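Those protein sequence lines, which keep their order, are chains U and A.
If you count by the numbering used here, then the first sequence holds residues 1 to 243, one letter each, in order.
If you count by the numbering used here, then the second sequence holds residues 244 to 688, one letter each, in order.
Heads up, a few of these hints could be off.
[Stated by the list, open to error] Simulated crosslink set (SDA-like; lysine to any residue; CA at most 20 Å straight-line):
{"id": "1", "chain 1": "U", "residue 1": "151", "chain 2": "A", "residue 2": "256"}
{"id": "2", "chain 1": "U", "residue 1": "151", "chain 2": "A", "residue 2": "248"}
{"id": "3", "chain 1": "U", "residue 1": "151", "chain 2": "A", "residue 2": "253"}
{"id": "4", "chain 1": "U", "residue 1": "151", "chain 2": "A", "residue 2": "255"}
{"id": "5", "chain 1": "U", "residue 1": "151", "chain 2": "A", "residue 2": "245"}
{"id": "6", "chain 1": "U", "residue 1": "52", "chain 2": "A", "residue 2": "628"}
[What the hints assert, rightly or not] Label pairs and their in silico Cβ distance ranges:
{"id": "7", "chain 1": "A", "residue 1": "256", "chain 2": "U", "residue 2": "192", "range": "32 to 40 Å"}
{"id": "8", "chain 1": "U", "residue 1": "131", "chain 2": "A", "residue 2": "609", "range": "18 to 26 Å"}
{"id": "9", "chain 1": "U", "residue 1": "141", "chain 2": "A", "residue 2": "566", "range": "52 to 60 Å"}
{"id": "10", "chain 1": "U", "residue 1": "187", "chain 2": "A", "residue 2": "525", "range": "29 to 37 Å"}
{"id": "11", "chain 1": "A", "residue 1": "287", "chain 2": "U", "residue 2": "154", "range": "54 to 62 Å"}
{"id": "12", "chain 1": "U", "residue 1": "173", "chain 2": "A", "residue 2": "261", "range": "36 to 44 Å"}
{"id": "13", "chain 1": "U", "residue 1": "196", "chain 2": "A", "residue 2": "628", "range": "42 to 50 Å"}
Read the hints as simulated data drawn from the structure, not as lab findings.
Every value quoted in this text rests on a predicted model; they were computed, and no experiment measured them.
The C-beta atom is built at its ideal place from N, Cα and C for all residues, glycine as well.
Read off the chains here:
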Amino acid sequence: MIAPTVATDDADLIRLEEATKSFGSRGGQLFPALRGISLRVAPGDFLAVLGKSGSGKSTLLNLIAGIDRPTSGEVRAAGEDLSRLGENRMALWRGRNVGVVFQFFQLLPTLTVEENILLAMDFVGKIPRVDRRPRARQLLELVGLSDQAAKLPSTLSGGQQQRAAIARSLANDPPIVLADEPTGNLDSETSAAVVELFHGLIGEGKTLLIVTHDNNLASRAHRVIQLRDGLIVADEMNHSARG
Amino acid sequence: MNTRWRKITGDFRQHRLQIFLIAAILVLGSAGVMTALNARSILAREIEKSYRRANGADIILWFDKVEPKLVDLVRSRPGVAEVEARSTAFTRVAGKSGKWFPMRLTVLPDFAQQKVNLIHRDATAWPAVNDGILIEQSGMSLLGIGENEPVRVRTPAVVVVTIPLGGFVHDPAVAPSTQDRMIYGYITPTAAPSLGQNAELDQLLVKLSVRGSLSDVAEFADDLNGWLKGRNLVPLRVDALNNTHPHAALMTAMLRVLEVLAGLAFVCSATLAACVISLWMRREVRQVGIMKTLGARSSQVAGQYLALVAPLVLVTIALAFPIGTALGRWVVKYHETMLNIDIADWSVPRSLVFQELIFALGVPLLAMALPIVRAARISPRQAIQDPGIVAPRGPIAFTSRLIKLPGNRRWSFALRNSFRRPWRLALTLLALSAGGALFLTTHNN
Ligand SMILES: Nc1ncnc2c1ncn2[C@@H]1O[C@H](COP(=O)(O)OP(=O)(O)OP(=O)(O)O)[C@@H](O)[C@H]1O
Ligand SMILES: [Mg+2]
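In isolation and in its complexed conformation, chain U is listed as follows:
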């Protein structure tokens, strides 16, 4: 039932060709976390990446985010060949094109929720200075945290922190949003709200790639990828979700 998406090169927002990633272990042996991944993602798509622990999900996500580099193969995203970018240009590219959300809430502890969003804009400089504060307010409203803007992250609940992190991932209006088990640390009720939020992002024209164990979240995806031992073993369209 493997049904690869048929798309022209130009239409792909993310494209991996035979991407591998090996980690050197203590003993000096190489451990292959990804063993030749080819993947194409069209703009506006919503992918869920499933797989057992250690199957390489986070590694795949890190390659697409430019957080890590492939050992071999090609990774292209948002019009850039990531292997050609130096560390600094990669950072800038990431800031402009990818929003990343992790499992563990990753807000900077000494800044308020609003300032966390503003900092992301300050680092990248994509959003004009005058628009930054209004945009931060708007994003907080989107995730339902308008009243928490001036609070420090430590005073927020887990679900609120994760929503704030999602708002921050959108700070620079990136076309791609990547999330690594965003609901992994939340109770079912809070995670439902976060799932809803992600689903809403499709309407904003974002392309989503979410690593998850959460069936509820996976069922909302347009496409579900299964990883096992560093290989894609299933790639299915989820027709019920498209409607």
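We have chain U; now place chain A with the ligands onto it with these hints.
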């Protein structure tokens, strides 16, 4: 305010204890090194200047008796600037409490007409009648006798006589009486007989117009000796003199030691500050990872922490500078009495101040920038996967596995932790020992 500055001030508030610790370490180190450098520069200059004021003799010729005609004869020699006849004798003087002290008694022709080995009185004129004794001011506290009070002196015939104390003088060419346990007294030939001393002078002090090295002086002394012999005026003995303060060499050596120790303490303080920063940076790795994920470049991340550290260094300098200046003066003041010198000029050369500022600014900044830049350059994947404090590798892992204390596991844990970062351990020990050494030197002199 810009959000990046908001983060810097927020981080400052959160880590204020660490930051104050770093500041305190740096203030101590910088102030210490400034103290030592300032003191040495002032003292090196002023010891020399104060000693110059004495117009110390370069050569002493010893005779049975020096006639005025001999004085004129030697003065007329080319290369001779000044000549004066004197004599010295060693005797004893009693303090107010009745305690006796050895005294070096110098007989000189006229207080108001001195030519070489000058003694001076600050702001007071010489006594009108030259029949009293003048005493070097550093002996004042030992004797406890006031001006115009009688002084008891033992004559060569072992008789105790009294003579009025004409006043105190400063002889910048001698070490202080308190240190040498020796009183320096000065009389004229008029007063000499009353102390049982010969009124006739037997030494000829010669000051050269151009003094070269000691061997140059010795050569001149030889020539002079030969010339005098040719005129049948044979000196008993000829001494070419070093013409430096008696404790100058010792002083210079001591100040060097102080300087080296202060330098060591400074380097240690900078390293310690760098260690604290490095520890802090280890705990910041996650935040570095987050910032990089947000699109921050390494330079932006480094700037974020450097902007916190740079003002800190400026503040430490602002504190250390006045402390160093004050302590430097205190050290100089202390040595002013220790060395029996006059400090006329307390200023530190501007170039030295400039160098001190550059060093006190540059070294800690560089030392702290190192761990910051290293932390900022970590790859984003490593940063977000960082497990926190890492296990030791290589030989350190081996040694730490060897450390197994019987009984209490907590001790093994503590010891292994100290060996996890052997550099840190070494530096802490070094800093402590340098501090201790500094403490000892300042208390030993
Ligand atoms: N830095 C690293 N060094 C060595 N091995 C690594 C490193 N990062 C990941 N691995 C290994 O690569 C494999 C894939 O890791 P990855 O984190 O991608 O798994 P995952 O699918 O995200 O698992 P989980 O669901 O537990 O998060 C694992 O076997 C892991 O041990
Ligand atoms: Mg993972």
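For each hint, the structure was consulted:
Note on residue 151 of chain U and residue 256 of chain A: the hinted pairing holds, with a Cα-Cα distance of about 16 Å set against a maximum of 20 Å. For the proposed pair residue 151 of chain U and residue 248 of chain A, the alpha carbon gap of about 17 Å is at most 20 Å, so the pair holds. Under the criterion of a C-alpha separation no larger than 20 Å, the hint pairing residue 151 of chain U with residue 253 of chain A is consistent with the structure, at around 13 Å. For the hint linking residue 151 of chain U to residue 255 of chain A, the alpha-carbon distance of about 18 Å falls within 20 Å, and the restraint holds.
For the hint pairing residue 151 of chain U with residue 245 of chain A, the CA-to-CA distance comes to about 17 Å; that is within 20 Å, so the pair holds. At most 20 Å may separate the alpha-carbon atoms for a hinted pair to count; residue 52 of chain U and residue 628 of chain A meet this at roughly 19 Å. The hinted range of 32 to 40 Å is satisfied by residue 256 of chain A and residue 192 of chain U, whose Cβ atoms lie roughly 37 Å apart. Here the CB-CB span from residue 131 of chain U to residue 609 of chain A is close to 39 Å, at odds with the stated 18 to 26 Å.
In this structure the supplied range 52 to 60 Å holds for residue 141 of chain U paired with residue 566 of chain A, their Cβ-Cβ distance being about 53 Å. Taking the beta carbon of each, residue 187 of chain U and residue 525 of chain A are about 33 Å apart, inside 29 to 37 Å as hinted. Residue 287 of chain A and residue 154 of chain U have their C-beta atoms about 57 Å apart, which keeps the hinted 54 to 62 Å range intact. Between residue 173 of chain U and residue 261 of chain A, the C-beta spacing of about 37 Å keeps the proposed range 36 to 44 Å intact.
Between residue 196 of chain U and residue 628 of chain A the Cβ separation comes to about 30 Å, which falls outside the hinted range of 42 to 50 Å.
Hint check: violations occur at hints 8 and 13; the rest are consistent with the structure.
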